[in-house]
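K.L.:
Numbering (the working numbering), first residue to last: 1 to 281.
No lab work stands behind these hints: they were computed from the structure. Treat the hints loosely; a few may be bogus.
[Unchecked claim] Taking lysine to aspartate or glutamate pairs in the EDC-like style, the calculated list, with each CA pair at most 20 Å apart, reads:
# : residue 1 : residue 2
1 : Lys265    : Asp252
2 : Lys157    : Glu123
3 : Lys264    : Asp244
4 : Lys265    : Asp244
5 : Lys46     : Glu123
6 : Lys54     : Glu147
7 : Lys93     : Asp27
8 : Lys198    : Glu147
[Stated by the list, open to error] Restraint ranges, calculated between C-beta atoms of paired labels, are given here:
#  : residue 1 : residue 2 : range
9  : Val257    : Pro38     : 28 to 38 Å
10 : Lys265    : Ala85     : 19 to 29 Å
11 : Arg113    : Glu147    : 49 to 59 Å
12 : Ala112    : Asp194    : 33 to 43 Å
13 : Ser145    : Gly47     : 38 to 48 Å
14 : Asp32     : Asp127    : 24 to 34 Å
15 : Ala52     : Ile266    : 39 to 49 Å
All of these numbers come straight from a predicted model, not from anything done at the bench. Idealized CB from N, CA, C, for every residue including glycine.
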Amino acid sequence: MPELPEVETVKNGMAAVLNGETVAAVDLYRPDLRVPFPENLHDFMKGRRITALKRRAKYILMVLDDRNVFILHLGMSGRVLLLGAGQEYERQKHDHLILSTDSGVRMVYNDARRFGMVYFCHEDALDAHPAFATMGPEPLGNHFSGEVLYQALKKRKTPIKVALLDQKLVVGVGNIYASEALYKARIRPTRRADSITKRESDTLYSAIIAVLNAAIAAGGSTLRDHRQADGSLGYFQHNFAVYDRGGQACPDCDCDVTMTSGIKKITQGSRSTYYCPGRQV
DNA sequence: AGTGTCGCCTGAATGC
DNA sequence: TGCATTCAGGCGACAC
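Let the sequences and hints guide you as you build the complete structure.
P.N.:
Listed below in structure tokens is the structure:
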């Protein structure tokens, strides 16, 4: 479900409430999500102070004062609910993990499809962890650029849209923002990755940065709204240009939809892709 | 090594 | 109303 901007938003919401808190308990309500929960999670975490919340790719990292890290991936349907001290709460269906702190704050992890993952490892071992070892660069970090993208795409024969979803190439971009970035860069998603020119790579790089940053900004405002509501940090509504808008007019076209059929939906690598045939070549 | 397919799991939306 | 089918934003295992 969530891509980089949603994960960033959830992480920021968790940081605002959990930073500096001391873990009182970690309660599990089933043995596993997609993979088994780490063994003795409660014993490892109880009494430890939370010193930082970070994000790497689509993973949330909760760093403890002994430098062990509670690692959470939201999968497709993962949601985080934050409850203030003394707040009434009845456990809901698909609530699988509840972390509570000494001051009475609780973090509820709910995941209907259980595609999420929880890992636990020392900060020094993070880079070697199987989930992180083969990861590509952060799109918003210093190790990603038009040139880096260009060099990576040169070696790929898959459609550019499929290549963007590969976390070895660049992390954090999922099915929605791949379509959105290609639309913004005016590149047709069916183009072979190795046909993308340096110039197009530069444009696509800028488009990726722009759509991710815009979504993070939208998530930030959603976060403030949610804080006042029920503390639920999950997906947020964002205005997409093409995603899930098959048959509609794209925002930058003035063409007649009855003639052009509007935004087109196709399937690539068994995932849905949306694009505007008029603007993306 | 790069590429394509499958499956994990539940719920919402759709079709009959 | 009930039942079957399809689809969903991620990721890793697997075969070629």
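K.L.:
Each of the hints needs a verdict: does it hold here or not?
P.N.:
Hints, one by one, checked against the model:
1. For the hint pairing Lys265 with Asp252, the CA-to-CA distance comes to about 17 Å; that is within 20 Å, so the pair holds.
2. Of the supplied pair hints, the one linking Lys157 and Glu123 is violated, its CA atoms being roughly 36 Å apart against a limit of 20 Å.
3. Restraint check for Lys264 and Asp244: satisfied, since their Cα atoms lie roughly 10 Å apart, inside the 20 Å limit.
4. Straight-line distance between C-alpha atoms of Lys265 and Asp244 comes to about 8 Å, which keeps the hinted pair within the 20 Å bound.
5. For a cut-off of 20 Å, the pair hint linking Lys46 to Glu123 stands: about 18 Å separates their Cα positions.
6. With a C-alpha separation of about 27 Å, the suggested pairing of Lys54 with Glu147 is violated against the 20 Å cut-off.
7. Distance check on the hinted pair: Lys93 and Asp27 sit about 15 Å apart at the alpha-carbon level, within 20 Å; holds.
8. Distance restraint check for Lys198 and Glu147: the Cα-Cα separation of roughly 7 Å lies within the 20 Å cut-off, and the hinted pair is therefore satisfied.
9. With their beta carbons about 51 Å apart, Val257 and Pro38 fall outside the hinted range of 28 to 38 Å.
10. A hinted range of 19 to 29 Å is violated for the C-beta pair Lys265 and Ala85, which are about 47 Å apart.
11. Between Arg113 and Glu147 the Cβ separation comes to about 38 Å, which falls outside the hinted range of 49 to 59 Å.
12. For Ala112 and Asp194, the Cβ-Cβ distance of about 39 Å falls inside the hinted range of 33 to 43 Å, so the restraint holds.
13. The supplied range of 38 to 48 Å is met by Ser145 and Gly47, whose beta-carbon atoms lie about 43 Å from each other.
14. Distance hint check: the CB atoms of Asp32 and Asp127 are about 25 Å apart, consistent with the given range 24 to 34 Å.
15. Distance hint for Ala52 and Ile266: a CB-CB separation of about 42 Å, consistent with the stated range 39 to 49 Å.
In this structure, the hints that do not hold are numbers 2, 6, 9, 10 and 11, in rising order.
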